[in-house]
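J.: This is what each chain is made of:
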Amino acid sequence: MVEEIIDFITGNDAVAYAVKMARVKVVAAYPITPQSPVTEKIAEYINNGEMDTEFIPIEGEHSCLAAMRGAGVCGVRVFTATCGPGLMYAHENLECVHRDRTPLVIAVPNRSYSSLFADYTDSMPESTTGFIQVFVESPQEALDTTLQAFRVAEDHRVLMPFMVLYDGYVTSHTGATVRLPSQEDVDKFLPPFKPYAVRVDPSRSEFIQWDAPGVPIQEMEHEQAMENAREVIKIANEEYAKIFGRRYGDGLLETYRVEDAEAVLVTMASMTGTARQVIDMLREKGEKIGLIRLRTFRPFPIKEFQALQEKYSFKAMGVCERDVTHGCRYGEVYGDIKASLYNLDNRPKMINFILGLGGADIRIPTLTTACEKVHYTAKTGKIEKESWFGAEIGEVETRLAAF
Amino acid sequence: MSSQTVERVTVPPTGACQGCAMVLISRHALDTLGRNSVVTIPASCGAWSGAMLIDRGPTQFPSAAAAASGVAAGLRAAGHKETNVVVIAGDGGTYDIGLQALSGAAERGERIIYICQNNQAYMNTGIQRSGATPRWGWTTTTPVGSVIKGKTVWPKIMPEIMEAHHVPLVATASIHNIPDYKRKIKLAYELTTKQGKGLSYIEVLNTCPTGWRYSPEKMVTMARLAVETGFWPVYEVVEGKFKLNIKPKELKPLKEFYQMQGRLRHLTDEQISETEKLIHSRWERLLERDQRGY
Numbered sequence: 548m549v550e551e552i553i554d555f556i557t558g559n560d561a562v563a564y565a566v567k568m569a570r571v572k573v574v575a576a577y578p579i580t581p582q583s584p585v586t587e588k589i590a591e592y593i594n595n596g597e598m599d600t601e602f603i604p605i606e607g608e609h610s611c612l613a614a615m616r617g618a619g620v621c622g623v624r625v626f627t628a629t630c631g632p633g634l635m636y637a638h639e640n641l642e643c644v645h646r647d648r649t650p651l652v653i654a655v656p657n658r659s660y661s662s663l664f665a666d667y668t669d670s671m672p673e674s675t676t677g678f679i680q681v682f683v684e685s686p687q688e689a690l691d692t693t694l695q696a697f698r699v700a701e702d703h704r705v706l707m708p709f710m711v712l713y714d715g716y717v718t719s720h721t722g723a724t725v726r727l728p729s730q731e732d733v734d735k736f737l738p739p740f741k742p743y744a745v746r747v748d749p750s751r752s753e754f755i756q757w758d759a760p761g762v763p764i765q766e767m768e769h770e771q772a773m774e775n776a777r778e779v780i781k782i783a784n785e786e787y788a789k790i791f792g793r794r795y796g797d798g799l800l801e802t803y804r805v806e807d808a809e810a811v812l813v814t815m816a817s818m819t820g821t822a823r824q825v826i827d828m829l830r831e832k833g834e835k836i837g838l839i840r841l842r843t844f845r846p847f848p849i850k851e852f853q854a855l856q857e858k859y860s861f862k863a864m865g866v867c868e869r870d871v872t873h874g875c876r877y878g879e880v881y882g883d884i885k886a887s888l889y890n891l892d893n894r895p896k897m898i899n900f901i902l903g904l905g906g907a908d909i910r911i912p913t914l915t916t917a918c919e920k921v922h923y924t925a926k927t928g929k930i931e932k933e934s935w936f937g938a939e940i941g942e943v944e945t946r947l948a949a950f
Numbered sequence: 022m023s024s025q026t027v028e029r030v031t032v033p034p035t036g037a038c039q040g041c042a043m044v045l046i047s048r049h050a051l052d053t054l055g056r057n058s059v060v061t062i063p064a065s066c067g068a069w070s071g072a073m074l075i076d077r078g079p080t081q082f083p084s085a086a087a088a089a090s091g092v093a094a095g096l097r098a099a100g101h102k103e104t105n106v107v108v109i110a111g112d113g114g115t116y117d118i119g120l121q122a123l124s125g126a127a128e129r130g131e132r133i134i135y136i137c138q139n140n141q142a143y144m145n146t147g148i149q150r151s152g153a154t155p156r157w158g159w160t161t162t163t164p165v166g167s168v169i170k171g172k173t174v175w176p177k178i179m180p181e182i183m184e185a186h187h188v189p190l191v192a193t194a195s196i197h198n199i200p201d202y203k204r205k206i207k208l209a210y211e212l213t214t215k216q217g218k219g220l221s222y223i224e225v226l227n228t229c230p231t232g233w234r235y236s237p238e239k240m241v242t243m244a245r246l247a248v249e250t251g252f253w254p255v256y257e258v259v260e261g262k263f264k265l266n267i268k269p270k271e272l273k274p275l276k277e278f279y280q281m282q283g284r285l286r287h288l289t290d291e292q293i294s295e296t297e298k299l300i301h302s303r304w305e306r307l308l309e310r311d312q313r314g315y
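Read top to bottom, the protein sequences are chains A and B.
Letter by letter, the first sequence follows residues 548 to 950 in our numbering.
Letter by letter, the second sequence follows residues 22 to 315 in our numbering.
No lab work stands behind these hints: they were computed from the structure.
Each hint should be verified, as a subset may be incorrect.
[What the hints assert, rightly or not] Sample of chain B residues lacking proximity to chain A, with all beta carbon distances greater than 10 Å (derived): (1) 74; (2) 77; (3) 96; (4) 145; (5) 166; (6) 169; (7) 261; (8) 280; (9) 289; (10) 291; (11) 292; (12) 299.
[Said to hold, decoys possible] Below, simulated EDC-like cross-link-like pairs (lysine to aspartate or glutamate); rule was C-alpha separation at most 20 Å, straight line: (13) A:926 to A:831; (14) A:926 to A:807; (15) B:215 to A:748; (16) B:102 to A:831.
Where is the CB? At the ideal position from N, CA and C, for every residue including glycine.
Full structure from sequences and hints, please.
T.: Shown next, in the form of structure tokens:
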């Protein structure tokens with residue numbers, strides 16, 4: 548491996564660097580906070596001759612996703628980035644990308660629909676659109692995952708679009724030391740895009756009448772593709788580790804101090820760093836508590852959650868997430884984990900923590916309280932309340948940046 | 022088009038209504054442009070154009086011009102530098118829901134040949150009013166009621182909106198003069214595909230027996246009358262140079278043309294003369310521009 552350059556850059560710049568290294572052929576994008584720096588950086592690369600890429604500075608996200616579909620069917624590597632209201636505006640065309648089986652990669656620095664700051668109320672409504680969704684913790688992981696994203700999405704066993712999700716501002720705008728892989732090594736990991744079929748090709752001598760199966764069969768095929776994606780994500784994670792020495796759990800889940808744990812906390816993205824500190828503090832006090840970071844949300848790691856539960860027999864599980872389904876009083880992730888574990892004989896008691904909405908900071912005291920509640924349930928078998936909003940357990944309405 | 026052979030790209034039969042002008046509009050455009058083309062058709066009557074021996078770009082209703090922008094970029098990235106990227110959209114997909122995408126594509130100088138087949142309402146979904154429906158015209162969403170009779174506002178003048186985008190070609194055409202229409206398609210190929218000067222916009226009046234309420238065999242008659250009354254002026258703006266292509270010595274009265282259509286038969290004489298006034302003042306303006314040449 549060529550020695551990696553170490554730089555101090557933001558999550559957005561890390562993603563843009565990965566896009567350059569991936570030799571993406573068409574990028575369309577529309578500005579939105581906190582995504583804009585990704586496309587600004589890409590535009591800079593292109594205008595400085597560092598990237599040989601068609602750039603479409605398009606007039607809105609709905610059109611942006613339409614353009615990405617159009618470029619995708621020509622059989623070239625495509626990328627865009629958006630978030631928050633932009634992601635929601637794009638919904639109609641977003642839904643169509645997986646129907647084309649276009650392996651589009653989208654970077655999404657998560658942004659709430661009610662503020663400029665991070666929560667998952669933008670990407671959660673898109674969890675049914677056939678996108679692979681991977682939540683990353685740091686700028687480094689954003690870079691690494693963007694490279695893995697192309698490889699996973701373009702794998703002929705998968706051919707489903709891929710969303711790289713990272714917390715707006717917290718990860719997108721905060722500088723961190725990031726190792727920058729060389730072009731030579733990236734080329735080893737990510738070969739040029741080989742389309743499975745090129746839907747739009749004017750050079751064909753004969754016209755092909757594409758005969759797609761009906762919707763029910765198509766949807767079954769797409770489910771199989773997502774099933775395959777679980778394995779392909781794991782493989783990409785390992786292959787990446789072989790070259791670059793960095794791996795993120797098994798690609799789907801990452802565990803921390805779960806051995807002999809009776810209680811376990813599930814976290815996502817940037818809140819995990821704080822949660823690790825809390826776990827360390829509680830472990831020092833002798834509490835048997837561990838951590839699972841949910842990295843891949845779609846496809847959902849059903850078997851992997853079951854395997855962890857079978858292996859460690861957690862008595863209680865607390866799920867922290869930055870989103871809520873109103874009328875259910877729980878979040879999307881909670882519902883999915885609960886469903887995954889329901890048929891196990893030794894399923895844990897479960898509690899949901901709805902934290903950090905609108906970008907509120909998720910701090911040590913809040914996560915400590917959450918851990919205590921899970922721990923109490925593990926010890927006593929009793930659940931005081933199944934779901935807690937941050938404000939109910941002392942979350943202060945503060946944000947990373949003071950605007 | 023790049024090879025000058027005449028080869029059918031569109032293949033009958035079509036799913037269109039009897040006497041539908043859209044079939045002629047898409048057929049002559051695509052057969053003129055040839056096999057080295059990709060077409061994008063949003064939700065519209067164009068979806069019933071029948072089989073075509075070229076690939077189609079995918080799109081949703083609002084985003085035809087955006088999807089075609091992506092196809093154009095994707096094709097260039099894949100090494101196809103001189104392929105016609107064509108959109109055939111209706112007036113709904115152009116005047117209304119597709120306007121933003123079209124305006125964006127035009128401003129960006131996308132190499133797209135955009136053809137609007139304007140039948141002046143959402144005919145494909147059941148004759149609902151659009152931004153192109155004539156004032157006082159009947160549609161299913163502007164019914165002739167006992168209080169409100171038809172559409173209450175004037176239609177947009179879309180070609181003039183497109184002119185404001187500084188695109189290399191804006192033209193209108195009529196299916197009663199196919200040679201003029203085909204010449205404009207060839208011009209679009211020259212300016213947009215070959216010279217890469219930006220988007221070409223061609224709008225054709227799509228006479229529609231189903232929605233306009235007249236007998237299908239009158240398709241060409243209706244198209245001709247629309248031009249001869251000044252209801253549908255046929256002109257072109259090529260890189261800023263204006264030319265009125267069909268110049269009747271005197272415009273025919275509007276009444277006869279309106280009376281032939283069930284959708285416009287209920288108009289009062291005052292309403293017809295008010296419409297005529299507007300048409301005539303626009304006609305004067307077009308004649309002046311024709312003389313001036315820009």
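J.: Where does the structure disagree with the numbered hints, that is, which hint numbers, in rising order?
T.: Violated hints (numbers, rising): 1, 2, 3 and 16; every other hint is consistent with the structure.
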